[in-house]
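Chemist: Sequence:
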Amino acid sequence: MKPQTHPMLMFMRLAALLLALMPLFASASGPLLLEDRFGRIDAWPAVTVLGDPGGKLRAGDALAASAKFTVPASAYATLGVHKGVVWIRIPVALSADSGADWILDIDYAVINRVDVFVATDGQLRRHGVLGNLQPVPDNARGGRAPAVLLPLKPG
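Just add 76 to the spot in the sequence shown (first one is 1) and you have the numbering used here.
In case anyone wonders, no lab produced these hints; they're calculated from the structure. The structure displayed is predicted, hence computed values, not measured ones. All C-beta atoms, glycine included, are put in the ideal place defined by N, C-alpha and C. One thing to keep in mind: the hints can contain errors.
[Stated by the list, open to error] Restricting the straight-line Cα-Cα distance to at most 30 Å, the calculated cross-link-like pairs of lysine-lysine (BS3-like) are:
1) Lys132 to Lys159
2) Lys144 to Lys159
3) Lys229 to Lys159
4) Lys144 to Lys132
[Claimed, not checked] FRET-style restraints, in silico, Cβ to Cβ:
5) Pro230 to Lys132: 12 to 22 Å
6) Ala221 to Ala135: 19 to 29 Å
7) Pro230 to Pro129: 31 to 41 Å
8) Pro129 to Pro227: 29 to 39 Å
9) Glu111 to Lys132: 33 to 43 Å
10) Asp173 to Asp118: 13 to 23 Å
Turn these sequences into a full structure, and let the hints steer you where they fit.
Modeler: See below:
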């Protein structure tokens, strides 16, 4: 039997406006520098958030509202439980010496839904949906936690 899902009451919907490749937008500590030599990189220091309790914002609206994003008031690397949408913004800068393929790995297996958007030059370029209640694409590598390959442009 298929579980009943109500976008606001039955599960937390976490919408992520991630990897906005625009250094013009300030975040908690500036853009997250992606360099191959670092290996695994903790994105939390660059995270800013925008609450959307009614779930009314679209990705373009959230992208345009960059000045309204704030440093999370929660404990380190957690947002807590929300019935509404929380937009997460992580501006990145990709080293010219680094490879273009990066993996966004959300180290929390029971997130029901995450919308991952990639924006460059103020334009939404890519959208992917992850989460433990989402269909698994045929080409997915599988794994415990939601992850997505993000082909980015160095420089």
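Chemist: Taking the hints in turn, state whether each one holds.
Modeler: Hints and how they fare:
no., hint, result
1, Lys132 to Lys159, "13 Å, holds"
2, Lys144 to Lys159, "20 Å, holds"
3, Lys229 to Lys159, "35 Å, violated"
4, Lys144 to Lys132, "15 Å, holds"
5, Pro230 to Lys132: 12 to 22 Å, "36 Å, violated"
6, Ala221 to Ala135: 19 to 29 Å, "23 Å, holds"
7, Pro230 to Pro129: 31 to 41 Å, "38 Å, holds"
8, Pro129 to Pro227: 29 to 39 Å, "33 Å, holds"
9, Glu111 to Lys132: 33 to 43 Å, "37 Å, holds"
10, Asp173 to Asp118: 13 to 23 Å, "21 Å, holds"
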